[in-house]
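A.B. asks: Listed here are the chains, written in short residue letters.
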Amino acid sequence: MKKAKLFGSLTLLSGVALTLAACGSSSSNSNSASDVNKLKSSTPEKATKKGGTVTRAIETDTPFTGIFSDELSTSATDSEVSAPADESLFGTDDNFQFNNKGAATIKLDNKAKTATIEIKKGVKWSDGKQVTAKDYEYSYEIIGNKDTKSQRYTSSLANLVGFEEYHEGKAKTISGFEMPDGENGRKVVLHFKEMKPGMKFSGNGYFWESAAPYHYLKDVPFKKLESSDQIRKNPIFFGPYKVSKVVRGQSVTFVPNKYYWRGTPKLDKITFSVITPNSATQAIKSNKFDIAGVINSQWTNVKSAKNVNFVASVPLSYGYLGFKVGKWDAKAGKNVMNPNAKMSNKALRQAIAYGMNIAPVAKRYTHGLSFQVPTLIPKQFGDYYDSSIKPYTQNLKKANKLLDDAGYKKKGKWRVQPNGKPLTIHLAAMTGSSIQEPIIQNYIQQWKKLGLNVKLTGGRLIEFNSFYDKVENDSKDVDMFLGAWSLSSEPSPNDLYSEKAPFNFSRFVTKKNTELLQEMDSTKAFNTDYRVKKFHEWQQYMKDEAFVVPTTNAYSVVAVNNKLTGYSTKPSKSNGNGFPNWFYIGYAK
Amino acid sequence: MWKTVLRRILIMIPQLIILSMLVFILAKMMPGDPFSGMINPNSDPKTIARLKQEYGLNDPAWVQYTRWLGNLLHGDLGQSYIQKVPVASLIWDRAVNTFWLSLLTVILTYAIAIPLGISAGRHQDQWQDQSIQVFNYITFAVPAFVFFILGLWLFGFTLGWFPISGSVSGDVNPGTFAYYWSRLYHMLLPAILTALITTTGTVQYLRTGIVDNKVEDYVRTARSKGVPEKVVFNKHILRNSLLPIAAFFGNTITGLLSGSMVVEMVFSYPGMGKLFLDSISQRDYTTLTALILIFGILTLIGNLLSDIIMSIVDPRIRVK
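Protein sequence lines correspond, in order, to chains Y and W. Mapping to UniProt numbering: the first sequence position 51 is 51, numbers consecutive. Mapping to UniProt numbering: the second sequence position 104 is 104, numbers consecutive.
So that you can see chain Y by itself, here it is in the shape it has in the complex (with noise of 0.2 Å):
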């Protein structure tokens, strides 16, 4: 499941993409920004020989809680120690479209509104037994139960018909789930309340993508699950590594799945250890793991290291600048914008931009790793991307003139609001390494410059948890935020700003932007050229009316043993949940 990585992936954001993330030395060397795009996306191919263990170092502070379940799990780390288990039921090309590659395929109809699902001949748990249709539905059974507390449920999920019927108690089964072979079958027609253009893409949201071993679970207790020992320290999955060992919160190892359906892997064993990210770069540079992340404030010391390859790849999120333009209506379930707030005036938000130094202060302070991006859809999203669009670029004379234009005078030192009453802007950031600090204030000073008197909220950075406290519930005392978001391999940028997201912090609402929105998710756009051309509308109008303005992305970067091979971060080579699929990896002959 996409889900499953980009649920607690806020947490990891909040230290990574918008930390920007290095060490602050002044020998910023000219090279560093070539080295970052020589970085490929996988190892290099080589034939591959039997045998071998590999270990794994898991950088992070926090143990893992080892829920070995799509369904229940919460954190990112939980899905990353699973990996080599785990697998989803359907594979994507490398622009996170289905293809039927995967455990199963899948078919949309359009006009019936239903997706069937065949799960192959053949794919089996690591016990043995076959995946079967009511393996993929006990997936919503978990889900949909109240007593297993699963966060999982959502009202995109609710499209299937009868979910929420379901989900409520009101009732036994669900409907719109039908197993034309019966329980024992493969095959699973979904039935749904209405189809949506981004159903191609995994990570959609509107359907799960993997399934849980009925026949192993269903003597276990829905309350009691998700502390059960075969969801805690024996899972089986249909994956190419079975779990054979978990030390909790510090170890997981994995054996071969005899009966992986994509054959036999190649390694004799795996191992997933926790360690101190402190330690990481002195990890990489003693080839003590065989593979490892690297941390990105730690790149300089960590690119000399030796017998390893360095494997790159650029996740799917972006930092940001929001304003805050109005408030979230709970009541209504929807955003409010108020035309009279101190950040509704669109020269001001530009100005803002355009005082902004983004890409020289990435170069500067990342050595490359970070770098500004141009619009708010990712560029892995291929065409949905506008590459026509360039980013917003430090342009003092231009902002001066857009808020002299605008009646912002100066008064002094510090420039007022157009009704003559004092201007303070209060930013809204987190704390994150050690670099944060430095870049922000940086951008206090280029803001200075114009004449804007821009404070901290609270006097300093703040910790992420009372940071998103303040924004999500439209604090007084926030005008602008700096925050960061991970993204679904969706490219439907719906859910986060439509007029009915909760997620939409700027709390913007214009008429052009629910049309915009409304259009790319419509039934005209199951035409992809008309979905396409809606999205570079759409970048456009945001791109213009500058309420988000986009800031850097970075990439993460891995560190693995150069004898190994077949290590890839592309979508098509990946587990279906943002990982490397594990059989491809080997030694190299």
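Hints are computed from structural coordinates only; laboratory data are not their basis. Predicted model, so just to flag it, every value in this text is computed and none were measured. There may be inaccurate statements among the hints.
[Unchecked claim] Lysine to aspartate or glutamate pairs mimicking EDC-like chemistry, simulated, CA-CA at most 16 Å apart:
id	chain 1	residue 1	chain 2	residue 2
1	W	Lys-52	Y	Glu-537
2	Y	Lys-121	Y	Asp-181
3	Y	Lys-269	W	Asp-171
4	Y	Lys-223	W	Glu-54
5	W	Lys-84	Y	Asp-229
6	Y	Lys-245	Y	Asp-268
7	Y	Lys-187	Y	Glu-118
8	Y	Lys-327	Y	Glu-472
9	Y	Lys-500	W	Asp-44
10	W	Lys-46	Y	Glu-164
11	W	Lys-46	Y	Asp-268
12	Y	Lys-334	Y	Asp-474
13	Y	Lys-533	Y	Glu-515
14	Y	Lys-149	W	Asp-44
15	W	Lys-84	Y	Asp-474
16	Y	Lys-146	Y	Glu-165
17	Y	Lys-245	W	Asp-44
18	Y	Lys-285	Y	Asp-268
19	Y	Lys-146	W	Asp-171
20	W	Lys-46	Y	Asp-181
21	Y	Lys-149	W	Asp-171
22	Y	Lys-233	W	Asp-44
23	Y	Lys-146	W	Glu-54
24	W	Lys-28	Y	Glu-165
Keeping the supplied structure of chain Y fixed, place chain W upon it in accordance with the hints.
C.D. replies: For chain W alone, kept in the frame of chain Y given last:
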């Protein structure tokens, strides 16, 4: 004396209730809750709101407190919001890890500190004393985390003598000899490093005690009686010099369970200290309150134990 002990234990009850209230209020005052890290377009705010309601996070603080207290009296510490297992089992896991690590550390600390202290006191101002003083200055001045990271870098990564993280290796089975060896092997480096830098206090107390006692009247009396120097030292001087160390012994015993945050962070050693930090940053209220309560109880019992030990080893002090 037993009356006194009983009275002290009875006084602990209101102390603990006040402590638990404070803990509860402070925990609730922190911004955010166990779900605040979960906000995401793929999570339904309605689902989160429903779960908050089910977990009782929306109830007024006093309702939550009385419910918590009620469960506590039934021996139920609750379920961890983050780890999704009973808090008691979570803490038990960590407490066992911390206990063995601390025990090893304490043994090593005394094994290093007592001989050093004795030697320094006995050879006051001679070269032995001076080199021990230098050692003391260094271990006192170096911040713990710097010392640990350096040790980890040198002995864990560069020389590769010790494992670098965790409490046990992933491929041994509980109950076997290899398992216990792996446990011990993982504890050695953190224990030795901690022992090395925590000796300062003990060495100094012991040294000062010996230096002071050497010139006491009873020592002079013993010597003039013709008692052999060895006996004078071991029986008279040393015993009296150990008193200040005995005064802390109660807290040392209970401290075995509270663990050290710094060493556990650096070595990713899953113990009580690390659990405490994690439960703060993740707003795992149930675990957090249970831990603080346990730490509180341990401190109170530690003080009591210290008093009892003092009254046993030093007949001059009697608890009244």
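A.B. asks: For each hint, tell me whether it holds in the structure or not.
C.D. replies: Now the hints, each set against the structure:
1. W:Lys-52 / Y:Glu-537: 39 Å, violated
2. Y:Lys-121 / Y:Asp-181: Holds: Y:Lys-121 and Y:Asp-181 sit about 13 Å apart, inside 16 Å.
3. Y:Lys-269 / W:Asp-171: Given pair Y:Lys-269, W:Asp-171 holds - Cα atoms ~10 Å apart, limit 16 Å.
4. Y:Lys-223 / W:Glu-54: 13 Å, holds
5. W:Lys-84 / Y:Asp-229: Holds, because 12 Å separates the two Cα atoms, which is no more than 16 Å.
6. Y:Lys-245 / Y:Asp-268: 14 Å, holds
7. Y:Lys-187 / Y:Glu-118: 4 Å, holds
8. Y:Lys-327 / Y:Glu-472: Holds - the C-alpha atoms of Y:Glu-472 and Y:Lys-327 are around 10 Å apart, at most 16 Å.
9. Y:Lys-500 / W:Asp-44: 12 Å, holds
10. W:Lys-46 / Y:Glu-164: 13 Å, holds
11. W:Lys-46 / Y:Asp-268: 44 Å, violated
12. Y:Lys-334 / Y:Asp-474: Holds - the C-alpha atoms of Y:Asp-474 and Y:Lys-334 are around 13 Å apart, at most 16 Å.
13. Y:Lys-533 / Y:Glu-515: Within the cut-off at roughly 13 Å; holds.
14. Y:Lys-149 / W:Asp-44: 13 Å, holds
15. W:Lys-84 / Y:Asp-474: 31 Å, violated
16. Y:Lys-146 / Y:Glu-165: 12 Å, holds
17. Y:Lys-245 / W:Asp-44: 33 Å, violated
18. Y:Lys-285 / Y:Asp-268: 24 Å, violated
19. Y:Lys-146 / W:Asp-171: 37 Å, violated
20. W:Lys-46 / Y:Asp-181: Violated: W:Lys-46 and Y:Asp-181 sit about 35 Å apart, past 16 Å.
21. Y:Lys-149 / W:Asp-171: Given pair Y:Lys-149, W:Asp-171 is violated - Cα atoms ~33 Å apart, limit 16 Å.
22. Y:Lys-233 / W:Asp-44: 29 Å, violated
23. Y:Lys-146 / W:Glu-54: Satisfied, since the Cα-Cα distance of roughly 10 Å is no more than 16 Å.
24. W:Lys-28 / Y:Glu-165: 35 Å, violated
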